[in-house]
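As you go down the protein sequences, you meet chains A, B, C and D in turn. Each residue of the first sequence is one higher than the one before, counting from 0 in numbering that gives the first Met the number 0. Each residue of the second sequence is one higher than the one before, counting from 0 in numbering that gives the first Met the number 0. Each residue of the third sequence is one higher than the one before, counting from 0 in numbering that gives the first Met the number 0. Each residue of the fourth sequence is one higher than the one before, counting from 0 in numbering that gives the first Met the number 0.
Keep in mind the hints are simulated off the structure, nothing from the lab. Hints are supplied without guarantee of correctness; some may be wrong.
Identical copies look the same in the list; a pair holds intra-copy or inter-copy alike.
What the hints assert, rightly or not - Each computed DSBU-like pair below joins lysine-lysine, with the alpha-carbon atoms no more than 35 Å apart:
| # | residue 1 | residue 2 |
| --- | --- | --- |
| 1 | Lys142 | Lys94 |
| 2 | Lys96 | Lys127 |
| 3 | Lys37 | Lys127 |
| 4 | Lys96 | Lys142 |
| 5 | Lys127 | Lys142 |
4 protein chains.
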Amino acid sequence: MTPQNPSFADEIRRSFDGQAAMTLIGASLSRVDPGIIKITLPYRANLTQQHGYIHAGIVTSIVDTACGYAAYSLMPAGSEVLSVEFKVNLLRPAKGKSFLARAEVIKPGRTLTVVRGDVFGIDESGQKELVATMLATMMCLRKD
Amino acid sequence: MTPQNPSFADEIRRSFDGQAAMTLIGASLSRVDPGIIKITLPYRANLTQQHGYIHAGIVTSIVDTACGYAAYSLMPAGSEVLSVEFKVNLLRPAKGKSFLARAEVIKPGRTLTVVRGDVFGIDESGQKELVATMLATMMCLRKD
Amino acid sequence: MTPQNPSFADEIRRSFDGQAAMTLIGASLSRVDPGIIKITLPYRANLTQQHGYIHAGIVTSIVDTACGYAAYSLMPAGSEVLSVEFKVNLLRPAKGKSFLARAEVIKPGRTLTVVRGDVFGIDESGQKELVATMLATMMCLRKD
Amino acid sequence: MTPQNPSFADEIRRSFDGQAAMTLIGASLSRVDPGIIKITLPYRANLTQQHGYIHAGIVTSIVDTACGYAAYSLMPAGSEVLSVEFKVNLLRPAKGKSFLARAEVIKPGRTLTVVRGDVFGIDESGQKELVATMLATMMCLRKD
Numbered sequence: 000m001t002p003q004n005p006s007f008a009d010e011i012r013r014s015f016d017g018q019a020a021m022t023l024i025g026a027s028l029s030r031v032d033p034g035i036i037k038i039t040l041p042y043r044a045n046l047t048q049q050h051g052y053i054h055a056g057i058v059t060s061i062v063d064t065a066c067g068y069a070a071y072s073l074m075p076a077g078s079e080v081l082s083v084e085f086k087v088n089l090l091r092p093a094k095g096k097s098f099l100a101r102a103e104v105i106k107p108g109r110t111l112t113v114v115r116g117d118v119f120g121i122d123e124s125g126q127k128e129l130v131a132t133m134l135a136t137m138m139c140l141r142k143d
Numbered sequence: 000m001t002p003q004n005p006s007f008a009d010e011i012r013r014s015f016d017g018q019a020a021m022t023l024i025g026a027s028l029s030r031v032d033p034g035i036i037k038i039t040l041p042y043r044a045n046l047t048q049q050h051g052y053i054h055a056g057i058v059t060s061i062v063d064t065a066c067g068y069a070a071y072s073l074m075p076a077g078s079e080v081l082s083v084e085f086k087v088n089l090l091r092p093a094k095g096k097s098f099l100a101r102a103e104v105i106k107p108g109r110t111l112t113v114v115r116g117d118v119f120g121i122d123e124s125g126q127k128e129l130v131a132t133m134l135a136t137m138m139c140l141r142k143d
Numbered sequence: 000m001t002p003q004n005p006s007f008a009d010e011i012r013r014s015f016d017g018q019a020a021m022t023l024i025g026a027s028l029s030r031v032d033p034g035i036i037k038i039t040l041p042y043r044a045n046l047t048q049q050h051g052y053i054h055a056g057i058v059t060s061i062v063d064t065a066c067g068y069a070a071y072s073l074m075p076a077g078s079e080v081l082s083v084e085f086k087v088n089l090l091r092p093a094k095g096k097s098f099l100a101r102a103e104v105i106k107p108g109r110t111l112t113v114v115r116g117d118v119f120g121i122d123e124s125g126q127k128e129l130v131a132t133m134l135a136t137m138m139c140l141r142k143d
Numbered sequence: 000m001t002p003q004n005p006s007f008a009d010e011i012r013r014s015f016d017g018q019a020a021m022t023l024i025g026a027s028l029s030r031v032d033p034g035i036i037k038i039t040l041p042y043r044a045n046l047t048q049q050h051g052y053i054h055a056g057i058v059t060s061i062v063d064t065a066c067g068y069a070a071y072s073l074m075p076a077g078s079e080v081l082s083v084e085f086k087v088n089l090l091r092p093a094k095g096k097s098f099l100a101r102a103e104v105i106k107p108g109r110t111l112t113v114v115r116g117d118v119f120g121i122d123e124s125g126q127k128e129l130v131a132t133m134l135a136t137m138m139c140l141r142k143d
């Protein structure tokens with residue numbers, strides 16, 4: 000997929016750094032490509048729910064962010080991206096030493112872009128297991 | 000709706016207190032009734048996304064938690080509740096002095112319970128505005 | 000909710016009559032109000048799945064149509080409505096002598112409108128039971 | 000993925016033939032493999048909505064059926080499959096000479112199975128275009 004905004008990667012990195020919620024939970028951008036974004040989250044005990052797994056809302060936070068930027072990477076310069084809606088299926092308990100959210104645009108569009116995102120739990124030995132999957136609609140807002 | 004577990008309210012309060020992620024973001028339980036749960040979240044700058052609104056994942060965190068406990072309140076003693084999946088429509092920017100997630104069971108079931116949740120932003124004057132709505136499936140796990 | 004298009008009701012009735020799929024399954028419009036639409040579907044054996052209940056896709060057909068027109072009723076003259084996405088929870092087997100889909104706009108918008116829809120099964124004695132619920136996003140396309 | 004029920008393919012074909020709704024719309028099973036199902040639907044004018052495209056509910060009918068049998072193909076003998084919920088993103092107008100729904104299990108489970116489904120429109124020249132994508136939860140009911 001071809002980006003319309005030549006400086007999309009810089010803008011995504013700058014925007015990500017401005018997301019206080021990503022800083023709070025300790026997430027970082029690990030891949031920025033046209034239509035594809037990866038975000039990494041190390042396990043932290045303060046992100047868990049009552050059974051000791053990462054909270055579904057925190058899992059959602061990283062994959063929603065990844066989906067948003069995946070859509071944004073294909074939008075024209077001067078746009079803003081907005082999450083319209085997403086659905087998340089929680090496939091397994093979110094356990095692991097770290098977590099990887101990977102988002103990929105399925106259908107870019109002038110106004111709406113549809114993105115699929117997966118979250119993997121990664122154990123000590125580097126083994127990945129799919130823990131959640133998202134199907135999301137993102138919207139392009141033109142500032143002008 | 001009639002609870003099967005007479006001590007559901009105590010168990011929900013204890014369970015909520017055990018959710019590190021809820022402590023991290025500053026959320027608190029504000030209503031615990033059979034089939035209905037409310038959670039309150041004061042605005043904090045460290046919960047925001049790049050435009051200064053509360054991150055969609057944080058909004059999801061409180062309404063998913065509310066939906067889970069709303070389902071749990073109607074489950075038999077000795078059960079555990081698990082989020083199977085949820086869909087969230089983000090209706091307006093999540094701005095406000097505080098936020099209220101309200102969840103209500105639409106259809107309780109032996110194995111699966113369907114719950115609707117709304118999140119309101121509340122401004123200085125106490126005015127409420129719907130910012131997101133969730134439709135979720137929760138699962139009952141029997142420990143025995 | 001206030002309609003922007005004074006002839007919305009006539010246009011919805013005309014548009015509905017042009018939906019061959021609605022004719023095929025025997026559905027009819029039973030209420031057209033600003034932001035609220037009802038569609039009725041009598042039981043027919045040729046609409047069933049393998050267990051003899053109305054097929055989930057047919058249930059979806061009537062509630063998607065109702066949600067689309069509920070959104071359309073609030074759009075300006077000269078618009079077209081498009082289903083962006085929907086999620087359906089199937090709460091009970093779709094059994095009954097007839098079925099009622101009821102859609103109501105939760106959040107109208109210039110481009111996107113969010114609509115909730117419920118489908119009820121109605122038995123011989125007129126008793127209604129909720130069999131499915133939809134949460135949908137509809138888009139306004141301006142012809143000009 | 001390994002089927003538990005050696006006669007799953009025969010049972011799926013027999014069950015599909017018992018779906019009156021599939022007969023009504025003219026759909027047929029075109030592939031039955033463990034965890035993967037394809038259903039084909041030729042274009043018919045009586046399946047359309049007001050703009051002449053195949054109705055979103057009909058699109059949903061074929062992909063929900065495909066997702067259900069993809070899940071069923073991995074269930075033990077003597078089970079029944081039930082659609083719990085699905086979300087559909089409608090990516091492009093459903094136009095074509097015929098339509099192909101392809102479903103694949105993402106995560107099989109004892110009680111719940113998560114399935115992804117895609118619907119393609121196929122034109123005169125055999126060119127395929129993705130028109131919709133589904134993310135669905137299916138439930139296994141054991142008869143005994």
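Evaluated hints:
1. Within a single copy, Lys142 and Lys94 get their C-alpha atoms only as close as 40 Å, which misses the 35 Å cut-off; across copies the closest is 20 Å, which meets it.
2. Taking the shortest Cα distances, Lys96 and Lys127 sit within 35 Å of each other inside one copy (10 Å), while across copies they are farther apart (40 Å).
3. In this homomeric assembly, Lys37 and Lys127 come within 35 Å of each other (Cα to Cα) both inside a single copy, at 14 Å, and across copies, at 29 Å.
4. In the homo-oligomer, the alpha carbons of Lys96 and Lys142 lie at most 35 Å apart only across protomers (26 Å), although the nearest pairing inside one protomer, at 40 Å, exceeds that limit.
5. In this assembly of identical chains, the alpha carbons of Lys127 and Lys142 lie at most 35 Å apart only when taken from different copies (27 Å versus 39 Å within one copy).
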